[in-house]
Amino acid sequence: MIVFEKVFFSYGDRHVLRDLSFTVHEHERVAILGGSGGGKTTILKLILGLISPDSGRIIIDGEDITGKTESQLREVRMKFSIVFQEGALFDSLSVKENVAFCLREYSKLSEEEIDRKVREILRVVDVEEAIDLMPDELSGGMHRRVAIARSLAACEPKVFLYDEPTTGLDPINADNICRLIVDLCRDGKGLITVTHKVSDAMKIAGRFIFLSDGKIVFDGDKDMLLNTTINEIQRFVSG
Amino acid sequence: MKLIELINNFQDFYLLSVRGLMGIVRRPLYGKDLIEQMDYAGAGSLLIVVPVTLFIGMALSLQLSAELSILGLKMYTGKIVGVSIIREIGPVVVALVFAGRVGSGMASELGSMILGHQVDSLRVFGVDPMKKLVTPRIWSAILMLPALTLIGDAVSLSGGYYIAVFVSHQSATFYWSSVRDTLTFENVFAGAAKPFMFGYLIACISCYMGLSTKGGAKGLRQSTTRAVVLSIVMIIVSDFLLTRILLYALGFSV
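First to last, the protein sequences are chains A and B.
This note's numbering puts the first residue of the first sequence at 1, with every later residue one more than the last.
This note's numbering puts the first residue of the second sequence at 1, with every later residue one more than the last.
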């Protein structure tokens with residue numbers, strides 16, 4: 001369970017999150033919506049402890065992670081798998097090396113076993129043919145798939161985190177990525193995706209949180225989102 | 001507020017410098033990354049260091065030959081070229097070239113990794129970016145800059161030789177024996193100690209600037225520029241301080 005309690009966060013003088021409180025339960029599929037620069041990605045970084053809030057508490061599975069050291073956060077981060085915006089693949093490594101990165105760092109698998117596992121994961125995300133390519137040779141959709149594969153190789157996550165998973169993709173590729181994201185959550189895993197594409201969010205999530213000016217202005221399901229009277233969200237939904 | 005920010009920046013820089021240096025004694029060691037960085041910083045810089053130091057040596061020899069011939073002291077060209085190159089010009093010029101090529105490369109590479117969330121990815125995967133990214137860069141600079149300086153000194157002295165012998169018509173044997181006379185422990189030590197410090201400074205400054213990149217392409221440009229400018233200023237300032245300390249320590253009277 002992820003709990004945000006009265007979280008404030010700012011970049012210098014720019015206040016990004018103000019008095020943010022919400023809870024995400026296990027197995028929940030949540031989409032955090034809002035305009036660009038509205039603090040959506042900041043929430044994912046706060047969950048992972050990559051940045052610390054100015055004030056407030058972030059509690060993961062009953063444990064307050066604010067103020068923890070990098071080594072203490074390692075255990076917390078193992079519960080999540082994140083795919084950053086644009087994939088964040090290591091551009092000096094091939095697809096195979098990107099996916100094998102964590103296996104080489106932490107497992108004692110032989111090269112043969114690593115190769116087999118990498119192929120297996122790439123097959124799951126349907127991009128096995130790109131195994132020897134470099135990140136700059138991949139299309140947008142393949143890039144995201146490889147990023148998802150890398151995050152799957154990193155750990156056995158309880159919750160998937162996605163930062164704008166379909167941004168920059170054509171509708172067909174975006175739809176494929178949405179389906180892959182839903183497939184990966186089939187066995188009851190939770191997910192939090194941040195996006196400004198409402199149509200894609202609706203394919204993935206069951207609960208929607210809308211951020212405006214660093215605050216939550218809406219928290220509800222699909223029907224509530226479609227029937228909301230909040231003008232800003234109506235404009236967002238209608239595109 | 002600005003003062004607090006400045007103090008915070010100094011603290012972060014200090015921590016990066018110490019942790020980056022000491023990362024070599026803690027596992028995991030990332031030997032492959034170190035070798036890759038050494039190749040980039042060392043072998044990759046040779047094509048710039050060799051022509052730059054060659055022409056510096058030739059220009060210095062030309063200037064000295066012209067001036068000393070007026071005084072009838074042309075035979076001292078080798079000695080003065082030797083002392084200048086080994087103690088001062090060689091280490092400083094190679095360090096400046098190194099800052100321009102390797103320092104800017106380090107800052108822009110790390111900066112683009114920050115902007116592309118690659119450093120965040122490393123942290124999420126439980127990899128310490130300090131050990132994976134900073135330590136190999138610091139140690140590659142510490143090890144490769146002295147090696148490049150040694151090569152640069154030799155090339156520079158050869159450039160000086162070409163001018164002294166083929167343009168100024170001095171004796172080749174006398175030029176080399178004058179140069180050899182300058183290769184005393186004091187001179188060689190004074191010149192050899194500096195590149196270690198310059199390499200450490202360049203790598204620390206460049207890594208720090210790269211990892212503090214914010215704000216897209218403009219931010220990347222700024223951090224790369226800052227890395228090179230600050231490295232150049234620090235090379236010049238630390239050269240003066242090191243020269244002062246080394247002259248005192250090696251018993252030279254000023």
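Read the hints as simulated data drawn from the structure, not as lab findings.
Everything numeric in this text was worked out from a predicted model, so none of it was measured.
Glycine included, each C-beta is placed from N, C-alpha and C at the ideal position.
Honestly, I wouldn't trust all of these hints.
As the list claims (entries may be wrong) - One-sided and incomplete, this derived list gives chain B residues near chain A with beta-carbon spacing under 7 Å: (1) 39; (2) 117; (3) 118; (4) 125.
As the list claims (entries may be wrong) - Just so you have them, the derived chain B footprint on chain A, three or more residues with Cβ under 8 Å: (5) 67-79; (6) 195-203.
Status of each hint after checking the structure:
{"no.": "1", "hint": "39", "verdict": "violated, 13 Å"}
{"no.": "2", "hint": "117", "verdict": "holds, 4 Å"}
{"no.": "3", "hint": "118", "verdict": "holds, 5 Å"}
{"no.": "4", "hint": "125", "verdict": "holds, 5 Å"}
{"no.": "5", "hint": "67-79", "verdict": "holds (count 4)"}
{"no.": "6", "hint": "195-203", "verdict": "violated (count 0)"}
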